[in-house]
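**Q** Listed in order, the protein sequences are those of chains D and H. Per numbering that gives the first Met the number 0, the very first residue in the first sequence carries number 0; after that it's consecutive. Per numbering that gives the first Met the number 0, the very first residue in the second sequence carries number 0; after that it's consecutive.
Be a bit skeptical, because a hint or two may be false.
[Claimed, not checked] Computed list of chain D residues with no C-beta within reach of chain H, every gap over 10 Å:
(1) E46
(2) G55
(3) G66
(4) V109
(5) T116
(6) K119
(7) E120
(8) S126
(9) R130
(10) P139
[To be verified] Computed list of lysine-lysine pairs in DSS-like fashion (alpha-carbon distance at most 25 Å, straight line):
(11) H:K797 to H:K591
(12) H:K456 to H:K717
(13) H:K329 to H:K717
(14) H:K563 to D:K103
(15) H:K675 to H:K598
(16) H:K675 to D:K103
(17) H:K147 to H:K224
(18) H:K563 to D:K119
(19) H:K206 to H:K329
Everything labelled a hint here was simulated from the structure, so no lab data went into it. Computed from a prediction, not measured in an experiment: that's the story for all the values here. Yeah, the Cβ is synthetic: ideal placement off N, Cα and C, and Gly gets one too.
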Amino acid sequence: MSAPVRPRDAEANLTEASSPTQASAPSQASAPTAMVRICGFEDLVPELGVAALVSGTQIAVFRLTDGSVHAVQNLCPFSGASVLSRGITGSRGDEPTIASPIYKQVFSLVTGECLVTMDKEPMPGASPHLRVYRVLVDGPGVWVDPTDLP
Amino acid sequence: MTGTAQIVVVGGGMVAHRFVEALRARDADGRYAVTVLAEEPRAPYDRVALTSYFTGRDPEDLALGDPELWADPLVRLERDAKVVEIDREAHTVTDVHGVTYPYDHLVMATGSYAWTPPTEGADLPGVFVYRTIDDVAALRIYVEQRRKDLGRPVRGAVIGGGLLGLEAAGALQELGAHSTVIQFTDRLMNLQVDEGGGQALTRLIEKLGVSVKCNTATQAIKPDKTGRVGRLTFADKGEQLADVVVFATGVRPRDELGREAGLPIGERGGIVVDDTCLTEDPHVSAIGEVACIQGACIGLIAPGNTMAEIAVDRLLGGTSTFPGADTAAKLKLLGVDVASFGDAFATTPGALELTYADPVAGVYKKLVVTDDARTLLGGILVGDASAYASLRPLVGSELGGDPAGWLLPEGAIERPNVELPDEANICSCNNVSAGAIRGAVNEDGCTDLAGVKACTKAGTSCGSCLPLVKKLVGAELEKSGIEVSNAMCEHFEFSRAQLFDAIRVSELRTFSEIIERFGTGRGCDLCKPAVGSILASLYNEHVLAADRAALQDTNDRVMANMQKDGTYSVVPRVPGGEIKPEHLILIGEIAKEFDLYTKITGGQRIDMFGARLDQLPSIWTRLVDAGMESGHAYGKSLRTVKSCVGSDWCRYGVQDSVGMAIALEMRYRGLRSPHKIKLGVSGCARECAEARGKDVGVIATDKGWNVYVGGNGGFTPKHAQLLVEDVDDATVFQVIDRYLMFYIRTADRLQRTAPWQEEYEGGLDAIREVVIGDSLGICADLDAHMARHVDTYEDEWKAVLNDPKRLAQFTSFVNAPDEADPSLAYVEQRGQRRPATPAERAGGAVLIAPATLEVRS
Numbered sequence: 000m001s002a003p004v005r006p007r008d009a010e011a012n013l014t015e016a017s018s019p020t021q022a023s024a025p026s027q028a029s030a031p032t033a034m035v036r037i038c039g040f041e042d043l044v045p046e047l048g049v050a051a052l053v054s055g056t057q058i059a060v061f062r063l064t065d066g067s068v069h070a071v072q073n074l075c076p077f078s079g080a081s082v083l084s085r086g087i088t089g090s091r092g093d094e095p096t097i098a099s100p101i102y103k104q105v106f107s108l109v110t111g112e113c114l115v116t117m118d119k120e121p122m123p124g125a126s127p128h129l130r131v132y133r134v135l136v137d138g139p140g141v142w143v144d145p146t147d148l149p
Numbered sequence: 000m001t002g003t004a005q006i007v008v009v010g011g012g013m014v015a016h017r018f019v020e021a022l023r024a025r026d027a028d029g030r031y032a033v034t035v036l037a038e039e040p041r042a043p044y045d046r047v048a049l050t051s052y053f054t055g056r057d058p059e060d061l062a063l064g065d066p067e068l069w070a071d072p073l074v075r076l077e078r079d080a081k082v083v084e085i086d087r088e089a090h091t092v093t094d095v096h097g098v099t100y101p102y103d104h105l106v107m108a109t110g111s112y113a114w115t116p117p118t119e120g121a122d123l124p125g126v127f128v129y130r131t132i133d134d135v136a137a138l139r140i141y142v143e144q145r146r147k148d149l150g151r152p153v154r155g156a157v158i159g160g161g162l163l164g165l166e167a168a169g170a171l172q173e174l175g176a177h178s179t180v181i182q183f184t185d186r187l188m189n190l191q192v193d194e195g196g197g198q199a200l201t202r203l204i205e206k207l208g209v210s211v212k213c214n215t216a217t218q219a220i221k222p223d224k225t226g227r228v229g230r231l232t233f234a235d236k237g238e239q240l241a242d243v244v245v246f247a248t249g250v251r252p253r254d255e256l257g258r259e260a261g262l263p264i265g266e267r268g269g270i271v272v273d274d275t276c277l278t279e280d281p282h283v284s285a286i287g288e289v290a291c292i293q294g295a296c297i298g299l300i301a302p303g304n305t306m307a308e309i310a311v312d313r314l315l316g317g318t319s320t321f322p323g324a325d326t327a328a329k330l331k332l333l334g335v336d337v338a339s340f341g342d343a344f345a346t347t348p349g350a351l352e353l354t355y356a357d358p359v360a361g362v363y364k365k366l367v368v369t370d371d372a373r374t375l376l377g378g379i380l381v382g383d384a385s386a387y388a389s390l391r392p393l394v395g396s397e398l399g400g401d402p403a404g405w406l407l408p409e410g411a412i413e414r415p416n417v418e419l420p421d422e423a424n425i426c427s428c429n430n431v432s433a434g435a436i437r438g439a440v441n442e443d444g445c446t447d448l449a450g451v452k453a454c455t456k457a458g459t460s461c462g463s464c465l466p467l468v469k470k471l472v473g474a475e476l477e478k479s480g481i482e483v484s485n486a487m488c489e490h491f492e493f494s495r496a497q498l499f500d501a502i503r504v505s506e507l508r509t510f511s512e513i514i515e516r517f518g519t520g521r522g523c524d525l526c527k528p529a530v531g532s533i534l535a536s537l538y539n540e541h542v543l544a545a546d547r548a549a550l551q552d553t554n555d556r557v558m559a560n561m562q563k564d565g566t567y568s569v570v571p572r573v574p575g576g577e578i579k580p581e582h583l584i585l586i587g588e589i590a591k592e593f594d595l596y597t598k599i600t601g602g603q604r605i606d607m608f609g610a611r612l613d614q615l616p617s618i619w620t621r622l623v624d625a626g627m628e629s630g631h632a633y634g635k636s637l638r639t640v641k642s643c644v645g646s647d648w649c650r651y652g653v654q655d656s657v658g659m660a661i662a663l664e665m666r667y668r669g670l671r672s673p674h675k676i677k678l679g680v681s682g683c684a685r686e687c688a689e690a691r692g693k694d695v696g697v698i699a700t701d702k703g704w705n706v707y708v709g710g711n712g713g714f715t716p717k718h719a720q721l722l723v724e725d726v727d728d729a730t731v732f733q734v735i736d737r738y739l740m741f742y743i744r745t746a747d748r749l750q751r752t753a754p755w756q757e758e759y760e761g762g763l764d765a766i767r768e769v770v771i772g773d774s775l776g777i778c779a780d781l782d783a784h785m786a787r788h789v790d791t792y793e794d795e796w797k798a799v800l801n802d803p804k805r806l807a808q809f810t811s812f813v814n815a816p817d818e819a820d821p822s823l824a825y826v827e828q829r830g831q832r833r834p835a836t837p838a839e840r841a842g843g844a845v846l847i848a849p850a851t852l853e854v855r856s
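Same shape as in the complex, but just chain D (with noise of 0.2 Å):
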């Protein structure tokens, strides 16, 4: 397995969304783009992923034990299918993880990296990172922001 590459700045974009206390409501998100609801954060169970739709795109939804909630792309970069709300959520060291339901590759759910890529290639033209979406937890609702980040 060669070493996996971090995408860039996914780590600086997320810190202030992956903590449900920073949250804010998201009229006073810094991002221009609309946020939108999803779902409330009561319907999320503790890693139990969900799939949401947002503009056409296809995004899984995870809430952690410790509160924290995550958003990447639902597209399994490796099979092509839109599972990843479907994996297995979990750890590598300190870093909370998502295993793909199909052929099990394993990424960080806060930079999107691809940690363990099973000896396998993503489909032609896909990296194997994941995209990695900001989310507000405004007390009762749950907002993703389905801008691609830069």
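Given the coordinates of chain D, work out where chain H should sit on it, guided by the hints.
**A** What follows is chain H alone, placed relative to chain D:
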């Protein structure tokens, strides 16, 4: 040498096979092409295991090594090609059909024939020898026919009480015949065991219903009034009734071709070779039983294999020589352990014999040591040969401690812990030393038993040395500082079996408590499903109960099998493969309504593919309403119990295999385990259900059922091994209950029964002791555990349909539950749909896209 040189091997037995295998493994440059001329109409097979042909009945069970060997372009196998002439001047051999084969190098591997002493009546119908598959098949047909004609069990007599004679007696018992072993000398197996061992052996064998007559010389075989074998007469004027007679009076080398070709022949037969296996003619070698090496022919497979390796080594320019034959042997005859090794008869000057005999338990053990009682020279073990694997490699080394530790029953006093010398031969079949195994760990970087087996071939033939190999590998890894980790993942330092016990004893029931107490971090896709499976095995609660949904792989979480495009397949249970027409129609209707691709599975049921997550509850509702239930096709759990049609309809069936299969499937349905479990039930020995390819196979006999365990399809196919025979229904359930529960408790994560059984300390024999002899005192606990499973079973689909909270998890999108996954795309093929390939998507060839969701009622 230029171009490819041609080797011709005369003979197609086990040693010929080993020669070809070794040549192709080592001759990477393709310097040699090899032609094997076999007399028998089949590829080389495992003659040592010939008797298993009676229990297995499948000649393929006896196949040697990888059949791909014969497909190698540099290998040619001619069956039914008995060689009749060698022309050493012209470098050619000619077979019985007149075909001539030129050679650059000739290898004689013609083996032996079964020798029969000149005896009156030896040519009567009903007299057999015991050497080839054809001999054994003919014996079987004769015995079965005679039993029908006579209307009573057949009386068998075996002349010769050596290794082969006892094998033949076992085969006769297996065929339902009574057998008497007639031995010329004063004891059974006189070449391997001494008087004390012979007595113990006789007692054990007689306990099994085989009669033994020693000191008896057979004078004549007399016909009955039909002209077939009727009785034996002895030199002491005694007589014995016999319907069938098997001669097992030894073998003689088949050296006639060598004689005719003018090659030197040994005093007692055999083509004379030097320590490099070359005959006087530098273009002719001889290997195996036909070779007279160091003055004798040796009728054992291990030295034969060694000769094959030496011949190959020499052809490739090596310098190896024959080290002398290791005549050590460990056998299981009629279920009785017999082992003999080293200087078993204490012929070394000054040798001391230490013996231990327990006539009640039927155990006899003897160690032969040097006059100072420190160095092991040899030994004999009868009735309990468990120490064989440890002792044989110690021959020539110091025993280190009180030798009595090896003689007394295990645990009586501690066995000395001895470091085996590097030159100790661990695997005699493949001639692998302790040093070679250590080298595989230290130099070749093998870190487990499987790696060492692949690297050194140790334990790949008879497997009796595997426990010792495992121990050596473990010790070596520990020494080199590599911790022998059986940790499941970074979150748990336990193996699955250890974690199972920890969870069972602590009675913790949630993942968060368990990882807090026994692990670190948040878990992962390895440990979470394992814990989920352990909890399910222990408490049989719903897979989605409490916080367990998040532990499950998607298949278990949604109770269907995820396919490559993220949709699922649905398999309702069809117990034993028996299905009512209305259920067939229902499955058809559901498949049409939801446009599902349908296929018959390998487990005698029907799979419906292409169901979206959000469609699953509607599909289950239809099935559950009609009385069908989950088939657990998605779980690491019981899958199916395959059956043939059995005695209800089949002309040959002797038991109701369908009824038994249904009973087993209903008993074990939903049972969560380390890996999937499959069962099979056949209604007669024809074995149409292929039950021996299953984790548990049940095969009907005239008297009840035989239960086989540890079979496997998949990557490394394995035939299941006999656990118990001729038992009634209740015993079938009891032994399978215990076997499965013991497997569930002690196997590794994703370890199927075959490797579990092989790697369990002591193998299947030890497992049999646990589940039948109750050697660990846990049978009552295993029984209670399985009873709890049977009592608390519920259909997982039905339970979800009755629970709105769990049903809510079956939606496509949390914010758009009425939208279907827009990325799904299909094309039509043979009248059904299948997922579109990336090229088809790009090329716009997609014919079927998902519609919006139908509203669930």
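**Q** Now look at each hint and say whether the structure bears it out.
**A** Comparing the hints with the structure gives:
For E46 of chain D, the requirement that its beta carbon stay farther than 10 Å from each beta carbon of chain H is not met, with the minimum near 4 Å. Taking the minimum C-beta to C-beta distance to chain H, about 7 Å, the non-interface status of G55 of chain D is violated against the 10 Å cut. At the 10 Å boundary, the C-beta of G66 of chain D stays outside the reach of chain H, the nearest C-beta of that chain being 13 Å off. With a closest Cβ-Cβ approach of about 13 Å to chain H, V109 of chain D is found to remain outside the 10 Å limit, as its non-interface label requires.
Consistency note on T116 of chain D: stated as away from chain H, and its beta-carbon is indeed over 10 Å from all of that chain's, at 14 Å minimum. Against the 10 Å criterion, K119 of chain D stays outside the reach of chain H, whose nearest CB is about 13 Å from its own CB. For E120 of chain D, the requirement that its beta carbon stay farther than 10 Å from each beta carbon of chain H is met, with the minimum near 13 Å. The claim that S126 of chain D is not at the interface with chain H holds, since no C-beta of that chain comes within 10 Å of its own (minimum 16 Å).
The Cβ of R130 of chain D lies farther than 10 Å from every Cβ of chain H, with a closest approach of about 15 Å, so its non-interface assignment holds. No Cβ of chain H approaches the Cβ of P139 of chain D within 10 Å, the least distance being about 14 Å, so the stated non-interface status holds. Between K797 of chain H and K591 of chain H the CA atoms are separated by roughly 22 Å; this keeps the pair inside 25 Å, and the hint holds. A C-alpha spacing of about 18 Å is found between K456 of chain H and K717 of chain H, which places the hinted pair at or below 25 Å, so the restraint holds.
Taking the CA atoms of K329 of chain H and K717 of chain H, the gap is near 23 Å; set against the 25 Å cutoff, the hint holds. Between the alpha carbons of K563 of chain H and K103 of chain D the distance comes to roughly 12 Å, so the proposed pair stays at or under 25 Å and holds. Note on K675 of chain H and K598 of chain H: the hinted pairing holds, with a Cα-Cα distance of about 20 Å set against a maximum of 25 Å. For the given pair, K675 of chain H sits about 18 Å from K103 of chain D by alpha-carbon distance, which is consistent with the 25 Å threshold.
Of the pairs offered as hints, the one joining K147 of chain H and K224 of chain H holds, with about 17 Å between alpha carbons and a cut-off of 25 Å not exceeded. Between K563 of chain H and K119 of chain D the CA atoms are separated by roughly 15 Å; this keeps the pair inside 25 Å, and the hint holds. Straight-line distance between C-alpha atoms of K206 of chain H and K329 of chain H comes to about 20 Å, which keeps the hinted pair within the 25 Å bound.
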